[in-house]
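Asks: Listed here are the chains, written in short residue letters.
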Amino acid sequence: MRGWLRSDGRKGIRNVVAVAYLVECAHHVAREVAGQDRENAHVIGFPGCFPNAYAQKMMERLCTHPNVGAVLLVSLGCESFNRHQVETVVKATGRPVKVLVIQNSGGTRSTIAAGRAWVAEQVAALAAAPTVPMSVSDLIVGTVCGGSDGTSGMTGNPAAGIAFDKLVAAGAACIFEETGELIGCEAIMEQRAATPALAVELRASVEKAARYYETLGFGSFASGNADGGLTTIEEKSLGAYMKSGQSVISGLIKPGDIPPKGGLYLMDVVPDGEVRFGFPNISDNAEIVEMMASGAHCTLFVTGRGSVVGSALAPVIKIAANPHMYARLSEDMDINAGRVLEGAATLEEVGQEIFDLVIRLASGARSKSEELGHQEFILTYKSFEPIGPACLPV
Amino acid sequence: MQTDPRLLLLSPGDSVYVLRGQIAAGEAVMVAGSVVTFPRALGLGHKIARLAVAKGDRVIKYGAPIGRASQTIAPGDHVHLHNLASDYTPTYALNKGDA
Chain A
1 MRGWLRSDGR KGIRNVVAVA YLVECAHHVA REVAGQDREN AHVIGFPGCF PNAYAQKMME
61 RLCTHPNVGA VLLVSLGCES FNRHQVETVV KATGRPVKVL VIQNSGGTRS TIAAGRAWVA
121 EQVAALAAAP TVPMSVSDLI VGTVCGGSDG TSGMTGNPAA GIAFDKLVAA GAACIFEETG
181 ELIGCEAIME QRAATPALAV ELRASVEKAA RYYETLGFGS FASGNADGGL TTIEEKSLGA
241 YMKSGQSVIS GLIKPGDIPP KGGLYLMDVV PDGEVRFGFP NISDNAEIVE MMASGAHCTL
301 FVTGRGSVVG SALAPVIKIA ANPHMYARLS EDMDINAGRV LEGAATLEEV GQEIFDLVIR
361 LASGARSKSE ELGHQEFILT YKSFEPIGPA CLPV
Chain B
1001 MQTDPRLLLL SPGDSVYVLR GQIAAGEAVM VAGSVVTFPR ALGLGHKIAR LAVAKGDRVI
1061 KYGAPIGRAS QTIAPGDHVH LHNLASDYTP TYALNKGDA
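Protein chains in written order, with the numbering used here: chain A, 1 to 394; chain B, 1001 to 1099.
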């Protein structure tokens, strides 16, 4: 394994230029700047015009993610996003950073030209940057599931849980989510907390999610889940919960909080306070973005129905839970956990395969979604209170 | 108590099996020693009752409750939206979960 050492001591497994639009009005220009160089320039951004502390924090964390080597900020000019603050934060890490304001740069064409020239310089400089050795204990790995069916909880999620157990045992920090998908698992989960006070926080985070979804009138249950044999949110939850493996739960974090040491962490993704801004995470990539904001170098994505997404900035490992889906979508899937249903592999073997693939990605191999150019990214409005002192026991 | 190998028991106390293969409409399937037929095809991941569950009682999968029976469930019944309801939030589905 090799990585790029950053000034905060973290190591990246990729070394890309982030091209960040600071309002939807600058999205087209950012996309044109990044162009077709999907290996080196990744578009991220926040579409909203009105200020939001969560979005600001997320963008600051993403622009200083260990996989990012340089940052181009693309602003329209009149949006509320605090571009000076994010520029200052990036600059403080020693990364090259440049701000282009479309309204001050002659418009679309000239901003694109200036952006492309700057990105090309950065890509050339990053290609020459030295690497350092990396170990599993340098890694943060997230996990999500999407497009779930009845097989997700039978094969893919338990196999991801076994991979998590192996990663945690080797010193990595692993993050699972999302509290809205753990409704019905509170009692089992709190027994795994590192401290009694953390157990209270874990339960409270799920109860908050249950209240939030009740107010909305919907859970995270999509119609396709029922077609695949899942009947209730708690049934889906137990299947999703299997991703967390068997390790002791070391802490509870919120999006953008970076795990302070190795161990297993639950991410509380449901906003605090009054229900506002609608659904906590409107699609799977919103969860992947939050994993990255908390430092995830890569994300394990278990899918039964067959999601094809990847992500900007950090590789996604797609784990097919359903063998029939794998047969249809093998070009998009990194791991076939569906073999467990056919008796062709054990959960333990698939878990080891996932662990080995994480190591290979951190050694330079690319995931299927990276090869296919997938760079989905979505960030929307939320509001959070900081985590309490019991959430990260020493 | 013979059971078709396509029916997978995830945890010893579970009230349901999970299908790891397809079952055709009208096909005779052995469930806990009895022959059962299903009026429509059922796909991977669907649940078949292993134990009787009275209306209002909890249905167990993965060794944990996944909701309550909204109708009386007999061994061999397909368990889905028509006879199982969440204790938390109602399930939204475009259709009634036909396989």
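Because the hints were derived from the structure by calculation, they are not lab data.
The beta carbon of each residue, even a glycine, is placed where N, CA and C say it ideally should be.
Hints are not guaranteed to be accurate.
Just the calculated beta-carbon pair ranges, DEER-fashion [to be verified]:
1. R203/A to G1026/B: 44 to 52 Å
2. F277/A to R1058/B: 28 to 36 Å
3. K261/A to A1028/B: 39 to 47 Å
4. G1021/B to R109/A: 55 to 63 Å
5. P1012/B to R203/A: 22 to 30 Å
6. R1058/B to A344/A: 28 to 36 Å
7. P1012/B to V275/A: 49 to 57 Å
8. P1012/B to A327/A: 28 to 36 Å
Asks: Taking the hints in turn, state whether each one holds.
Replies: Comparing the hints with the structure gives:
1. Roughly 47 Å separates the CB atoms of R203/A and G1026/B, a value that falls within the hinted 44 to 52 Å.
2. One distance hint, 28 to 36 Å for the beta-carbon pair F277/A and R1058/B, holds here, with the actual separation near 35 Å.
3. Separated by about 57 Å at the C-beta atoms, K261/A and A1028/B break the suggested range of 39 to 47 Å.
4. Separation of G1021/B from R109/A is about 58 Å and conforms to the stated range, judged on CB atoms against 55 to 63 Å.
5. For the pair P1012/B and R203/A, the beta carbons lie near 26 Å from each other, so the given range of 22 to 30 Å is met.
6. At about 34 Å, the beta-carbon gap between R1058/B and A344/A stays in the expected band of 28 to 36 Å.
7. Restraint check, P1012/B to V275/A: a C-beta distance of roughly 40 Å breaks the suggested window 49 to 57 Å.
8. At roughly 32 Å, the beta-carbon separation of P1012/B and A327/A lies within the given 28 to 36 Å, and the hint holds.
When held up to the earlier numbered hints, the structure conflicts with 3 and 7 and fits the remainder.
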